[in-house]
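Novice: Take a look at the letters that make up each chain.
2 protein chains.
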Amino acid sequence: MGLVVQKFGGTSVADIDKIKNVAAKAIREKQAGNDVIIVLSAMAGETDRLISLAHKAADTPDEREYDALISTGEQVTVTLMSIVLNSLGYRARSFLGFQVKILTDNAYKKARISMIDTGAIREELNKGSIVVVAGFQGVDEDNNITTLGRGGSDTSAVALAAALNAQQCDIYTDVDGVYTTDPNICSKARRLEKISYDEMLEMAMTGAKVLQPRSVEMAKKYDVPVYVKSTFSDEGGTLVTKEDEEMEKEVVSGITYDRDQAKIMVTHVPDKPGIAADLFIPLSERHISVDMIIQNASAAGFTDLTFTVSKKDMKEAQKIVEATAKEIGAKKVEVDDDVAKVSIIGVGMVSHSGVAAKMFKTMADEGINIMMISTSEIKISCVIQRKYTELAVMVLHDAFHLEKKK
Amino acid sequence: MGLVVQKFGGTSVADIDKIKNVAAKAIREKQAGNDVIIVLSAMAGETDRLISLAHKAADTPDEREYDALISTGEQVTVTLMSIVLNSLGYRARSFLGFQVKILTDNAYKKARISMIDTGAIREELNKGSIVVVAGFQGVDEDNNITTLGRGGSDTSAVALAAALNAQQCDIYTDVDGVYTTDPNICSKARRLEKISYDEMLEMAMTGAKVLQPRSVEMAKKYDVPVYVKSTFSDEGGTLVTKEDEEMEKEVVSGITYDRDQAKIMVTHVPDKPGIAADLFIPLSERHISVDMIIQNASAAGFTDLTFTVSKKDMKEAQKIVEATAKEIGAKKVEVDDDVAKVSIIGVGMVSHSGVAAKMFKTMADEGINIMMISTSEIKISCVIQRKYTELAVMVLHDAFHLEKKK
Numbered sequence: 008m009g010l011v012v013q014k015f016g017g018t019s020v021a022d023i024d025k026i027k028n029v030a031a032k033a034i035r036e037k038q039a040g041n042d043v044i045i046v047l048s049a050m051a052g053e054t055d056r057l058i059s060l061a062h063k064a065a066d067t068p069d070e071r072e073y074d075a076l077i078s079t080g081e082q083v084t085v086t087l088m089s090i091v092l093n094s095l096g097y098r099a100r101s102f103l104g105f106q107v108k109i110l111t112d113n114a115y116k117k118a119r120i121s122m123i124d125t126g127a128i129r130e131e132l133n134k135g136s137i138v139v140v141a142g143f144q145g146v147d148e149d150n151n152i153t154t155l156g157r158g159g160s161d162t163s164a165v166a167l168a169a170a171l172n173a174q175q176c177d178i179y180t181d182v183d184g185v186y187t188t189d190p191n192i193c194s195k196a197r198r199l200e201k202i203s204y205d206e207m208l209e210m211a212m213t214g215a216k217v218l219q220p221r222s223v224e225m226a227k228k229y230d231v232p233v234y235v236k237s238t239f240s241d242e243g244g245t246l247v248t249k250e251d252e253e254m255e256k257e258v259v260s261g262i263t264y265d266r267d268q269a270k271i272m273v274t275h276v277p278d279k280p281g282i283a284a285d286l287f288i289p290l291s292e293r294h295i296s297v298d299m300i301i302q303n304a305s306a307a308g309f310t311d312l313t314f315t316v317s318k319k320d321m322k323e324a325q326k327i328v329e330a331t332a333k334e335i336g337a338k339k340v341e342v343d344d345d346v347a348k349v350s351i352i353g354v355g356m357v358s359h360s361g362v363a364a365k366m367f368k369t370m371a372d373e374g375i376n377i378m379m380i381s382t383s384e385i386k387i388s389c390v391i392q393r394k395y396t397e398l399a400v401m402v403l404h405d406a407f408h409l410e411k412k413k
Numbered sequence: 008m009g010l011v012v013q014k015f016g017g018t019s020v021a022d023i024d025k026i027k028n029v030a031a032k033a034i035r036e037k038q039a040g041n042d043v044i045i046v047l048s049a050m051a052g053e054t055d056r057l058i059s060l061a062h063k064a065a066d067t068p069d070e071r072e073y074d075a076l077i078s079t080g081e082q083v084t085v086t087l088m089s090i091v092l093n094s095l096g097y098r099a100r101s102f103l104g105f106q107v108k109i110l111t112d113n114a115y116k117k118a119r120i121s122m123i124d125t126g127a128i129r130e131e132l133n134k135g136s137i138v139v140v141a142g143f144q145g146v147d148e149d150n151n152i153t154t155l156g157r158g159g160s161d162t163s164a165v166a167l168a169a170a171l172n173a174q175q176c177d178i179y180t181d182v183d184g185v186y187t188t189d190p191n192i193c194s195k196a197r198r199l200e201k202i203s204y205d206e207m208l209e210m211a212m213t214g215a216k217v218l219q220p221r222s223v224e225m226a227k228k229y230d231v232p233v234y235v236k237s238t239f240s241d242e243g244g245t246l247v248t249k250e251d252e253e254m255e256k257e258v259v260s261g262i263t264y265d266r267d268q269a270k271i272m273v274t275h276v277p278d279k280p281g282i283a284a285d286l287f288i289p290l291s292e293r294h295i296s297v298d299m300i301i302q303n304a305s306a307a308g309f310t311d312l313t314f315t316v317s318k319k320d321m322k323e324a325q326k327i328v329e330a331t332a333k334e335i336g337a338k339k340v341e342v343d344d345d346v347a348k349v350s351i352i353g354v355g356m357v358s359h360s361g362v363a364a365k366m367f368k369t370m371a372d373e374g375i376n377i378m379m380i381s382t383s384e385i386k387i388s389c390v391i392q393r394k395y396t397e398l399a400v401m402v403l404h405d406a407f408h409l410e411k412k413k
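Chains as they are written, first to last, in our numbering: chain D, 8 to 413; chain Y, 8 to 413.
Chain D extracted, bound-state conformation:
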């Protein structure tokens, strides 16, 4: 007997029948003697519909109003869920961000949770209620509605689990767990029984869409065990948890890819201190995130600088960088969005030499040219030509024997 937080994504609550299916899962957990908190996303497609309304209203919608607009999607699903649960004889209450309350900073569209008041929820749980919380939303100190960014409902769920000291946080989605790589492009992909927070974080940040990276950071920080499960099947699941001995044996746990990448190269840059800052400050001022940055060895006082941005930001980034390039006397700006990033992730990597070499050789054997490389302790990412994405994933999956449970 404890407290379980269950989070369901948009495809799990896409219509009334699916909402009833989710209600049945919550009831099962309740009947097993647990207190239950459900966290919901908006119906699949609803957030996109609201965003498109906002952009019909203005090219650059006011961010405060934008957040208050798109937060209605979750308000609809949590109230419908509570209606269903009450009609089945289970006391249930919906909670919006301001009702909990989930306090955030006031960075609209990507707010961070600063505090969760657990009083009202605890009171309802003590009355025997199933508590249904709107994911993705909070309020700042002035009661303005904020949202937590795409996938923010994962973070809502983990944060509630942490604040209320839940025994676990179940993230229900349309796949039955975390895989060694995307099963849609690699038939040998294998579901992982367990994965460490750090590996999951790298996977989420390099292209795996199953969890929002911030939710994994938070789970790690507060040591919340997270189960990734399928809404539509009782089989499978992956536990995201602390590193343990068993995990450390695995050199590489997963392979991810990200085709939402564009590469920008600035050539023949005068190699002076402060040049990189000159280039990247104007980008950050326009809220363009830069991912990988590579500076080639300087020769004769000049250097080449290459970096990647999101595909959607490429055109704007190009304009900004071309202006800067002119000012600082660089020669040329070249852009290329026909690229992809492929990454291998594994906590065991740090204690095994030759992992990088094996990755590069495997791709070379297939004639895949590597344009950029970046590494962390538990990750190696390579930018390659986009058309080789699937091939690279498949040969790397084979090379590191990910199809076999170690």
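One thing to keep in mind: the hints can contain errors.
Note that the list lumps identical chains together, so a pair holds whenever it fits in one copy or between two copies.
[Claimed, not checked] Straight-line Cα separation of at most 27 Å, BS3-like style, residue types lysine-lysine; simulated pairs: (1) LYS201 to LYS338; (2) LYS411 to LYS108; (3) LYS116 to LYS134; (4) LYS27 to LYS116.
What the hints contain is simulated information worked out from the structure, not anything from laboratory work. Since we're looking at a predicted model, the values are computed, not measured.
Guided by the hints, dock chain Y onto chain D, whose structure is given.
Specialist: This is chain Y only, laid out in the frame that chain D set:
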């Protein structure tokens, strides 16, 4: 220079283009040097869509959750309106019920406003903002979302105008004012320049759909001048205000009709004290409103009791009344929903004799049989056969010369 509250209904904000049209009206008022508060309904059709979702989720949706669900409609329009205004260079802020805050009792689906905190709105007005308030919604003392009943946005607007001491409250709708009767069934209908609160209230309660009765009561109580205007034209308009001398000349100001009526007759009821209570208490317990009640002269210890209810309540009312009739020894229960109520309204009526006689004779001359009559100081209502509704309205309009401005 003062404060103007402008309320727009669902057809006025049915899509982004219409929202932009409304924004232009608010900007014009702002440019004229006034502080502006806009109160909005949900997009036409949206509240019905949400209600139908609720009823797909459960036959009898939990009322707390139902209110929180349908209040999202107004949240969408106020945020879109603020996005439009901000993009046009006018600072604008949306306010939901909890942000204002608009405090209500906790009678879900028909809550009454008990207090409006004007602090946050005043602060925004002082900053030069156009303030955009979600109509129809409030919160109770525990921060549960409540709604004010159909047409509740009218009440939100008048209540805000009263609380903030606005110089006027403009109710924009799809007609250009209040007419002597429905122009759709009587081509001679004439727009009224002015009408008293009391007359407007009687008209709203007897079938005119232009204003929610509660908003008129509130306007009267706090002496808020209400202008009913068209969103789509700058012509016309009707001022709802205190009685003045000019008005008193008019014996009859308007004619209304209501086809949403059903008549229930209980015959041969033993005429004992408490019989009426026996009949009507079970109905009120099921929240069925009874409109007109007529008790015929009793003969030989028995009486006939006839009353009207909303058409949608007829079947349920019939069942309840049949059970009671049996208990109290009445003979028969007859129902008839092929009826309509036609009313004439005018503050001058009280000082003119013969108005009722003229009404009855006008209908008799056309062979229209009157089934029930009820009167107030400024209103006479008759229940007639439904098929005579339009005829009755037209001949009464002629008989009282409503086509001419007096």
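Novice: Let me make sure I understand: some of the numbered hints might not hold for this structure. Which ones are they, in numerical order?
Specialist: 1 and 2
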